[in-house]
Amino acid sequence: MQRRVGLAVLVLSFVAPVAASAQQVIGAAPEASNMRLVGYNDLQARSAYQPTIHHQGDRWIAYIGHHGGTEAVPDPVNPMTGKAEPNGTSIVDVTDPAHPRYLHHIPGQEGKYEGGGAQMVRVCDGKTLPKGDRNAVYLLRTLGSEAHEIWNVADPENPVLVTRLGGLKDTHKSWWECDTGIAFLVSGAPDWRVRRMTQVYDLSDPAHPVKIRDFGLPGQEPGATGAVPTELHGPISLGPQGNRVYFGYGTNKGGMLQIVDRDKLLNGPKEPTPENLRYPEISRMPMSAFNGAHTTFPMKGMPIAEFAKDKDGGTRDIVMIVDEAIQNECGEPRQMVWFADVTTEARPMMISSYTVPEESGHFCSRGGRFGSHSSNESMAPVYYKKLAFIAFFNAGVRALDIRDPYHPREVGYFIPQITDKTDKRCVTIEGEERCKVAIQTNNVETDDRGYIYAVDRANTGLHILEMTGEARAIAGLP
Amino acid sequence: MPACREIAMRPQPLLVIALLALSVAWAVLVFEMVQSRAARQQEMGTGRLGWREIAWPFPRDGWPAGRAFRCQSATCVQDSEIYLRAKLGFCNCDTGVADDDEVDRVADIDLINPRFAAPAPGRVVRVADLSGRARNYDLESGEGAPHSAIGYALSHRCDLMVAVIKGSAAQPLLEQAAQQFLASHEVQRWMLAALESGK
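Those protein sequences? They're chains A and B, same order as listed. All the letters of the first sequence, read from the start, carry residue numbers 1 to 478 under this note's numbering. All the letters of the second sequence, read from the start, carry residue numbers 1 to 199 under this note's numbering.
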C-alpha cells in the first residue's frame, strides 16, 4: 500500500509544481496592490493579536496584544530589559510611521499560544471616561485566560497597573465605550457552561469597577441542561446613541449574529434566567455550520447608490461579519467575510460575501492558515463605510471597497514578506509533520490619519501601510 | 489566433502524458481507499466485539461526519449505538478537556437529543494515549423507553476525539460496552490515525 501511494505521490509531484512555487522565501519582495509599506517593527518576535492605535497628546501610540509564546521560545527575551518575559502587550510609538519606536513591553500570562499572553487591548482617555482621572490614559487588556486588567499608560514607557478582574476561566475580544465607561468583557465566568460569555461592567471609574450583569445565550447559563449554544467571540457596541450591541458567536463554526437592545441589556432584569437573557435580544441571524462570527462590525445608515431612486430602502444598516480560519493549509471550509443587511432588525439577511481567490496566490499550499480572521474596528471617518481592511492570514491584508455592501470589491492588498523570525506552521500528513513558513496576518487596525497596521500571528511583527492609487482616492486621502 | 487553433487541434504530448499519469495515480488511490475501507469494516464491524458499522445518522454540521456502529450481538449491549468523531482544531491545546461543561458542549450528545441532563459529575478517563473526561447523561424521551448516553471527550494536542454510546440499557452496562469498544486495538488505531491525518 505504502509503495503504491508513494508512486502516486511521485507522479503527482511532476504534474503539480505550480502549487509548491507559491511558498514565500526570505528576502523576496512583498506582494502588493494599491498598498505600500511605510514602516516596520518586529515586536520582539512575539505572536500578535489585537492592535489599537491611540492619539495620545501629540503622539500616536500603538498598543498590541500578544498570544502566548511558542514551544521553541515560550518567553522571548525583551531586549530593553534583557529578561525573558511571557508575551503580553507591546507599546510602540508610531508618531512617525516610517520609524516606529518600541517603548515598552508589559508581560502577560505564562502559557503558549492561546493559553497565555494578553491578546486584547482597548484604550480610553481618562478625560473622556465619566469618572476617570483626567490625566490618565487607560489600557484595558486581557491577562491570558485568567483576568482583565486596566493599566494607566499616560506615560507609555512606564505603565502602572490600576485594576485586575480575575478568577476567570477564559477571556477574549472585549469592547469598551470610552464616553460611558460601559465595558462588555468577554469572560469565562467559572459557573457558566461556556468558556466565553459576556460580563457587563461599568468601568467609568477604572479604579473602581462595578459589575452590572452576566449575559449569554439561554442554555449557557449556570444550571442549564441540554445542548449548549455556540460560545461568544466578541461584541461591538454603538453606545447609548445607537442603542445596539452586535454580538458575534462562534469562531469558525456555527456562527451567529445577535442584535441586542443595549438599554434593555444594561437596565433590564439581571438574574441569568432564560427569560432574562432573552429580554434584551432583538434578533438573531444564524449562519452556516461551516462559518463563525469572529467580528461583527456595524455600519448603520449606509446610502446605497443603486437604491437611490427607490422610494424606500435607499439607506441600509449593514453588519460586516468576519469568520476566523483556524486550520492550516485549508483543512476546513473557507472562512471569509459576509455582509448582512440588518435594516429590518427583526429579519436580518445575508446579502453578499467576499473571499480572496485561492488560485490568485495558491494560498492553500503556502503554509499556515488561509482565510479571514478579523477586520479593522476603528469607526474614524477616514475609512468608515468606505473601505474595510481584512486580515487574511497568509493572504496578508485585503482592502475592500464597501461603499456598496451588496457588491464588495477588493481594491488593494499587501502580503508582507517573511523574515528569519517568522515561525513555521505545520500539518500532519500520513502521521508525519510537515512544516512551512508563511506570513500569518492576524489582525489589522487603522488610525485617524489613514495608516493601516497589520500584525502577524507567526511572530513576523508589525507592518504599517498606506493606501495608494484608486484605493487612496476612495478614502478621500490626498 | 493561429496558435490557438494549433493547440486545439494537436494536444501537446507532455499534456497527454501528464493527464494519463494523473489518471493512473488517481485510480491507484481510489482502489487503495476502497480496499482499506472494506478492511476497516471487516476489522471493526464483524469482529469479536459485535459492532456493525452503519451510516453516520446525523445531518451535516460544522464537523465532518464520523463513524457510527450498532451492536448486533450479545457480546455488546443490544440496541445500543456508538458514534466516534474527530474534531480537529479544538483550541484548548494546553488544558485539554478542562471540565464537565466541556464534555456537555463537545461530545455530540446534542446530536442524539438536544434535551439531555447529567445526573452526576463526570470523571477523568484515558483511552489509548488520549486523556479526557467522560460523563453520563439521561436523554429526555417522549413516550418510548428512556435512553441513556455516555459522552467521551478525549484530547490530543489541539484536537479532540469524541465518542458517545447510547442505548436503553443501564448506564454501567453501556459504560462497560463502550470501554471494551474504545479499548480495542482497531478502534484505537483508527482514532489515532483520524487525529493524525484529519480523516
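Do not take every clue at face value.
Here are the simulated DSBU-like pairs of lysine-lysine, each with C-alpha atoms no more than 35 Å apart in a straight line [unchecked claim]:
| hint | chain 1 | residue 1 | chain 2 | residue 2 |
| --- | --- | --- | --- | --- |
| 1 | B | Lys87 | A | Lys421 |
| 2 | B | Lys87 | A | Lys169 |
| 3 | A | Lys424 | B | Lys87 |
| 4 | A | Lys169 | A | Lys311 |
| 5 | A | Lys127 | A | Lys311 |
| 6 | A | Lys83 | A | Lys436 |
| 7 | B | Lys87 | A | Lys131 |
| 8 | A | Lys386 | A | Lys169 |
| 9 | A | Lys131 | A | Lys211 |
The set of hints was computed from the structure by calculation and includes no laboratory data.
Tested hints:
no., hint, result
1, B:Lys87 to A:Lys421, "31 Å, holds"
2, B:Lys87 to A:Lys169, "22 Å, holds"
3, A:Lys424 to B:Lys87, "23 Å, holds"
4, A:Lys169 to A:Lys311, "51 Å, violated"
5, A:Lys127 to A:Lys311, "44 Å, violated"
6, A:Lys83 to A:Lys436, "30 Å, holds"
7, B:Lys87 to A:Lys131, "47 Å, violated"
8, A:Lys386 to A:Lys169, "38 Å, violated"
9, A:Lys131 to A:Lys211, "16 Å, holds"
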